[in-house]
Every structure is written in structure tokens, then in C-alpha cells.
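K.L.:
Sequence:
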Amino acid sequence: ILRRRPLSSQRMPEDNLKERASVFQEELKTIDSEVLATAMGGDEPPEEPLLSTFEEGFGYFTAAAVNRSLSQYQFVRKLSLGWAVSSSVLLALDKSAETRTFVAIKLLTAHATAQIALGHSPGYDVFRKVESTNPKSPGFNHCLTLQRCFTASSEASGHICFVTEALSSSLANLQKPGQIRFPLSVAKRITKQVLLALDYLHSECGYIHTDLKADNILASILPPANSQIEKYVLENDPTIYGSPLLLKSPDLPLVFSRSQPPPYFELGGMLENISVRLVDYGQATPATKPVRGNFCQPPTVRAPEVTLKYPWTSAIDIWTVGCLLFQLLTEYHLFGQEHEYSHELHLQHIEECLGPFPPELLKDCKDREKYFDDKGEYTSNFQPTPVEDFIQHLKVLDEDEIPGAADFIRKCLTLDPKLRLTAQELLKDDWLL
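Sequence positions in the sequence shown follow this note's numbering and run 1 to 433.
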């Protein structure tokens, strides 16, 4: 249940915040480059740019470091992929709990916090909607929910802090290059759970995720979760990149912490019983009406209607499910690119794999003329390669398994979004049973 009262519990007076921010920014200008390099363990920021300010679009919570406290929580370490443009994520111990309880805390940057205050970012609203809409829905258990939200202050300004359950590794960390791909049964299990989460998000909560990827799907830690985390923490020390950086503001030394992925705890790393959560609602969009013109989604899994500026809906998340399933089965991106991302090459790869775009779709695409001629044909030559051929070439499935997997992927990747099946419809597909 959301506890909204603490949201303003740690706000400093506005004048105090502005004064601290000014002192911090002025001091940054005087830092010796060698001292800074020593603190970072090199000449460049190793992960998040902690020294980048609110005015530059960042403003991280610089006091977040191991053994420091915030509200009732004691930081333990920075989690895997524990930072992004808009936040840092740390594992913490809840000191107010009767038993030793671990949580994850997502600390938004000052800039991201301001965006929420201005109504430009829906992250908090999506959390509230997910938590309150229908906890009995099958998809509810596969969506990350909020335990608490509060605001903390730093030299950068205020920071909204989201407290959630502590989770295990992301699918991206479970599937390292060179490792064995996910078994077919496990890939089906994960796909079904992701579809359950999306069905809940789309049909009941009214949101499109828009940022679905392996990094944003995390494995749950089955009971007894806290004892497993405790054992891991005791056996694995947190690490930092360099020496703490001493500044007048903030009051505590600045520490460049290293992200550390927690392991997949269950059954010695066996994945047959894996349960996953869909996380990170920071880019979510209301599903009330189609959107045209706004780029979203990671480029390699971007639905063609987004690139072509056709009105897009929750169907873009389904497109990503097809791309994700191919990645789970093969360890490769179906529409990956070796060099700098190109919209034109992305569309070419899609046509090579799935065939030509329907004329009725192209006629309503705002950016059609950038990539297609007057006949609706692609302007470059290419070699068609169906999904089956990709899978067969990679030798990751038995011959009799390929048609079913390829057919399901194609259903997710239906070129016309109006004909693309919904999450609810795909959940009824025999291939998932």
C-alpha cells in the first residue's frame, strides 16, 4: 500500500537548497583534474556523471554510498545497472523493520524529480496505478510495485525516492554473451509472464510501457529472500572505483560506487521456476489515444510505426515482445546493427525478415517518403531472410521446434499494428501452453 505522507518529510527550505547547490557548483570548478581522476578510478565518469548538475539535466543524489543512511534505510551497495540518466538504484537495509529486511531504493536525479513535479514524467502515477488497480490480476505479480515514496534533499535540490522490493538479476545479466541461450521452456515461461504484466499494464492500468527490454525485466527472489540477500552481502564486499572525493559541499565525501549485479539465487542458478517482474515505468505513456511523432523504445526493438511516425499504441510493446523472445532464444538481436544506429537500415532489416510493409499502413505514415518510393517500395536492395532461417542458422532449436517459435514471433511482429495481437490474445496462443 502506498504511504504518501512521507513524500515531503526530508525537504530542506528552498533558500537552503539554492545556497548548497551554488556552493557545490562553484567548488566543482576548482577541483584538480588529477584528484578527480583518482576518485573516479580514471579520467572519465565510470558510471553515472555524479558531478553533472541540475542545469545540465542531471543532479544525482551524491550522498548515496555504502553504509550511509537515508530516512530509515542504510545503503548496502549499488545494484546492477544501478544508474541511468534519471536515477541511481541501491540495495538498502530497512532499519525500521522488525526483522532484517532488504529493499531497493531508486533515487531520482534532481532534474527527473522536477520533471515529475511539472507533470512531464508519469513514473509515480504509474506506480500508484499499478499498485491500486487490481492486485488480484495475474499480471499484478509480474509488475514492480511501490512500497514507499519520499523526498530527500542534497546539494543538487530535492530527490524523489522510490522504495520497492529487492530483486535479483535482470535478463540481460542472466544472458551474458557466450553463455548457453535460454532453454525453450524457460523462454516461453518468461514470455508468458511478460505478457501477463503487459496485459495488466495495458488493459487495466491504461499505460504503454514503451521501454521494454532485457534490462527492465528482473528475476524475483523467492522466499526466504532476505536471508539469501544477507548471505550474498556478507560474502561479497561492495566496491568503488577510486578514492572518496572530499568536498566542502556535500558534507560527506563523494564516492563513485561500482554497480554489482546480485546473482540469480534460486536452485543454484537453474531457471525452470523463474518468476520475473517488469520494472521502470519512467517512460510509460497513457494508452488513452494513439501517439504520433514521439520517438520511444530502445532502437533495436523499436516498432516500425514509431520510426515511420504512424500513430502508435500499446501494440508497440507487443512488437518488443517478439524481439525479446528472439533474443532469449538466440542471444542475438533480431534487428541489431553493428555500427551507429540507422533508421533506414532498421526498416530494411524488418522488411528482409517480415516482408514488405502493407500499402494501407504506409499511406498514413508521416515519414513514409524518407524511406520508400512512390510505389511504397523500399529504396535499397536487400536479401529476404525469414525468421525461421535466422533461427535455423544459429542452431539454437531442434528442427521441430523452429516453426512454432517463429510463428509466435511473427505474430508479435505483425507489421500493421492494427492487426497485431494484444497481450491478452497472445496469452491464449497454444504455443505458450
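Take the hints with a grain of salt, since some may be wrong.
[As the list claims (entries may be wrong)] Simulated restraints on C-beta separations: (1) M270 with T133: 17 to 27 Å; (2) R292 with K231: 31 to 41 Å; (3) Q424 with L118: 32 to 42 Å; (4) K231 with G206: 53 to 63 Å; (5) P356 with G206: 29 to 39 Å; (6) N134 with R100: 30 to 40 Å; (7) E344 with K136: 31 to 41 Å; (8) E34 with Y341: 50 to 60 Å; (9) K136 with K29: 47 to 57 Å; (10) S132 with L184: 43 to 53 Å; (11) M270 with L432: 13 to 23 Å; (12) P403 with D237: 43 to 53 Å; (13) D398 with N67: 46 to 56 Å; (14) G404 with H339: 29 to 39 Å.
Derived from the structure by calculation, the hints contain no laboratory data.
No residue lacks a Cβ here, since even glycine has one placed at the ideal position from N, Cα and C.
K.L.:
For each hint, tell me whether it holds in the structure or not.
P.N.:
Status of the hints after comparison with the structure:
no. : hint                       : in the structure
1   : M270 with T133: 17 to 27 Å : violated (33 Å)
2   : R292 with K231: 31 to 41 Å : violated (51 Å)
3   : Q424 with L118: 32 to 42 Å : holds (34 Å)
4   : K231 with G206: 53 to 63 Å : violated (40 Å)
5   : P356 with G206: 29 to 39 Å : holds (34 Å)
6   : N134 with R100: 30 to 40 Å : holds (32 Å)
7   : E344 with K136: 31 to 41 Å : violated (46 Å)
8   : E34 with Y341: 50 to 60 Å  : violated (36 Å)
9   : K136 with K29: 47 to 57 Å  : holds (55 Å)
10  : S132 with L184: 43 to 53 Å : violated (36 Å)
11  : M270 with L432: 13 to 23 Å : holds (21 Å)
12  : P403 with D237: 43 to 53 Å : holds (49 Å)
13  : D398 with N67: 46 to 56 Å  : holds (51 Å)
14  : G404 with H339: 29 to 39 Å : holds (34 Å)
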